[in-house]
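**Student:** Sequence:
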Amino acid sequence: MNKSIKNDIEHTPLPRGWVWVKLGQIIKVQGGHAFKRKDYQNEGIPLLRISNIKNNSVTFDEETVYVDKKFKELYSDFLLRKGDIVIALSGATTGKYGIYKIEGEAFLNQRVGRLKFIKQNLINNLYVFYYLEIIRQSILKKAYGAAQPNISTSELEEFSLPLPPFPEQHRMVAKIEELFSKRDAGVEALKKAKEQIKRYRQAVLKYAFEGKLTEEWRKNNFSQESASELLEKIKAERKKKLGKKYKELPPVDTSELPELPEGWAWVRLDKCSELITKGESPKWQGFNYVEDGIPFIRSENVLWGKIEISNIVKIPIDFHNKLKRSQIKPYDVLINLVGASIGRCGVVQSVIGSANINQAVALIRTNNLLAPYYLMYLLLSPQFQQLIHSNKVETARPNISLEDLKKLILPLPPLPEQHKIVEEIERRFSIAD
1 MNKSIKNDIE HTPLPRGWVW VKLGQIIKVQ GGHAFKRKDY QNEGIPLLRI
51 SNIKNNSVTF DEETVYVDKK FKELYSDFLL RKGDIVIALS GATTGKYGIY
101 KIEGEAFLNQ RVGRLKFIKQ NLINNLYVFY YLEIIRQSIL KKAYGAAQPN
151 ISTSELEEFS LPLPPFPEQH RMVAKIEELF SKRDAGVEAL KKAKEQIKRY
201 RQAVLKYAFE GKLTEEWRKN NFSQESASEL LEKIKAERKK KLGKKYKELP
251 PVDTSELPEL PEGWAWVRLD KCSELITKGE SPKWQGFNYV EDGIPFIRSE
301 NVLWGKIEIS NIVKIPIDFH NKLKRSQIKP YDVLINLVGA SIGRCGVVQS
351 VIGSANINQA VALIRTNNLL APYYLMYLLL SPQFQQLIHS NKVETARPNI
401 SLEDLKKLIL PLPPLPEQHK IVEEIERRFS IAD
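Residue numbers for the sequence shown follow this note's numbering, beginning at 1 and rising by one.
Take the hints with a grain of salt, since some may be wrong.
[Said to hold, decoys possible] Pair ranges (Cβ atoms, derived): (1) K69 to E158: 30 to 38 Å; (2) K392 to R427: 28 to 36 Å; (3) K28 to Q148: 39 to 47 Å; (4) F166 to R427: 43 to 51 Å; (5) K392 to E262: 16 to 24 Å; (6) E300 to K194: 21 to 29 Å.
[What the hints assert, rightly or not] No farther apart than 16 Å at their CA atoms in a straight line, the calculated lysine to aspartate or glutamate pairs in the EDC-like style are these: (7) K239 to E291; (8) K247 to E259; (9) K116 to D77; (10) K212 to D433; (11) K141 to E158; (12) K194 to E248; (13) K271 to E237; (14) K247 to E237; (15) K70 to E103; (16) K69 to D39; (17) K392 to E403; (18) K322 to E300; (19) K101 to E43; (20) K28 to E105; (21) K420 to E225; (22) K36 to D68; (23) K278 to E133; (24) K206 to E259; (25) K306 to E426; (26) K212 to D77; (27) K212 to E424; (28) K420 to E210; (29) K235 to E262; (30) K54 to E133; (31) K407 to E237; (32) K191 to D433; (33) K314 to E291; (34) K82 to E63; (35) K406 to E262; (36) K82 to E103; (37) K235 to E256; (38) K219 to D270.
Just so you know, these hints were derived from the structure itself, not from any lab. Positions of the beta carbon are idealized from the N, C-alpha and C atoms, including for glycine.
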């Protein structure tokens, strides 16, 4: 072992037959040529820049620049060939590296280095390639010592590498690639499994609101009060409560709606709700967020089937008291009205306590006809997500209105069956989880 070599990383004892060497003893790092912008064109020989190094490989895309083929003879030393290892020498991604796997030639830009091996019959190129991952953080640390992150070719050659005998290098590369291949296969299998679970969840929700999950249950619970009977009771209660202010809503047109299981009924959401409203922006009212105040739920807090409060902001209690109508209660259903997250919804848990909502979130407080979790899962179902998105207004920030929500027509089972549907959905989802 050459004791004169000072390693840039902590040395560890090496197996017998291995030695520590400097990269410069086995490779020379060649910098690219500084082509001028006036040389750039839309065709010719591609110029490999740092932006072309992605995922340990080289990719040419619509952002790629080219130079004239006339430079091929003049700058032939800077032409890349298949199998070359390249590394970024400057910028925020100093140390990023990849293999040039493309059949055609490309020129090397001055901010990219190429590893030129001194003795090909003693060094496995891929052994060095995989080792670059080990020292990349050290390269970055060295690069950030300057005002503009960069590392010179000579500095790069000073880094140390544990070098095993040539046959062992081959065995190590083969083992690494075998493990990487298994990892890639595992990642691909995981992606497929996640997609299958996503489709499974969508299928569960679809079948749930077609009455298929509770088909057998209904046969043994045929004596339950139907949704139509419940609707009539609610209607009578509202008439009594509102008196002359009561207005009869037009019946739901079911001519184009699918047939429902026995005991179910089609009903508008506003008939099943005590309150459908939304919040306001504190800034529009002259208030700012505060450190110590009332939790304020925004669209980023309303996820798919969950209210997330870990990143919640707070508002002054005066603003909260001013917005009495949008103060939340346990089991309120919250749904996003604006932006890319339209349709995400969740049920308020009692642990949240006093809180309010902003103008991008709607609050639905159900009455005795509708179970909150039944409504949440219904709104998350593929049928209703499609319906919600078909009603959204395409503006700079897409949105749906409270009136659109109120007019949503729901399949309404009797209340006991709603609870059973929620139970069946959650049992299946827990298996998927």
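**Student:** Next step is simple, just say for each hint if it's right about the structure.
**Tutor:** Verification of the hints:
1. K69 to E158: 30 to 38 Å: 37 Å, holds
2. K392 to R427: 28 to 36 Å: Given range 28 to 36 Å: holds, Cβ gap about 32 Å.
3. K28 to Q148: 39 to 47 Å: Violated, at about 24 Å.
4. F166 to R427: 43 to 51 Å: With a Cβ separation near 59 Å, F166 and R427 fall outside 43 to 51 Å, so the hint is violated.
5. K392 to E262: 16 to 24 Å: 34 Å, violated
6. E300 to K194: 21 to 29 Å: Hint holds: Cβ distance 23 Å, inside 21 to 29 Å.
7. K239 to E291: Roughly 46 Å separates the two Cα atoms, so the pair is violated.
8. K247 to E259: 28 Å, violated
9. K116 to D77: Since the Cα atoms of K116 and D77 sit roughly 11 Å apart, the hinted pair holds (cutoff 16 Å).
10. K212 to D433: 22 Å, violated
11. K141 to E158: Holds, because 14 Å separates the two Cα atoms, which is no more than 16 Å.
12. K194 to E248: Not OK: K194 and E248 at ~47 Å, beyond 16 Å, violated.
13. K271 to E237: 12 Å, holds
14. K247 to E237: Holds, at roughly 13 Å.
15. K70 to E103: 20 Å, violated
16. K69 to D39: Judged against 16 Å, a Cα distance of about 11 Å means the pair holds.
17. K392 to E403: Holds: K392 and E403 sit about 11 Å apart, inside 16 Å.
18. K322 to E300: 23 Å, violated
19. K101 to E43: Violated, at about 20 Å.
20. K28 to E105: 20 Å, violated
21. K420 to E225: 15 Å, holds
22. K36 to D68: This hinted pair holds, its Cα atoms lying about 12 Å apart.
23. K278 to E133: 51 Å, violated
24. K206 to E259: 14 Å, holds
25. K306 to E426: It holds: about 13 Å lies between the C-alpha atoms, which stays within 16 Å.
26. K212 to D77: Between K212 and D77 the Cα gap is close to 70 Å, so the pair fails against 16 Å, i.e. violated.
27. K212 to E424: Satisfied, since the Cα-Cα distance of roughly 11 Å is no more than 16 Å.
28. K420 to E210: 14 Å, holds
29. K235 to E262: 21 Å, violated
30. K54 to E133: Holds. K54 to E133 sits at ~14 Å (cutoff 16 Å).
31. K407 to E237: Judged against 16 Å, a Cα distance of about 21 Å means the pair is violated.
32. K191 to D433: Holds, at about 15 Å.
33. K314 to E291: It holds: about 7 Å lies between the C-alpha atoms, which stays within 16 Å.
34. K82 to E63: Between K82 and E63 the Cα gap is close to 21 Å, so the pair fails against 16 Å, i.e. violated.
35. K406 to E262: Between K406 and E262 the Cα gap is close to 25 Å, so the pair fails against 16 Å, i.e. violated.
36. K82 to E103: Holds. K82 to E103 sits at ~6 Å (cutoff 16 Å).
37. K235 to E256: 25 Å, violated
38. K219 to D270: Roughly 30 Å separates the two Cα atoms, so the pair is violated.
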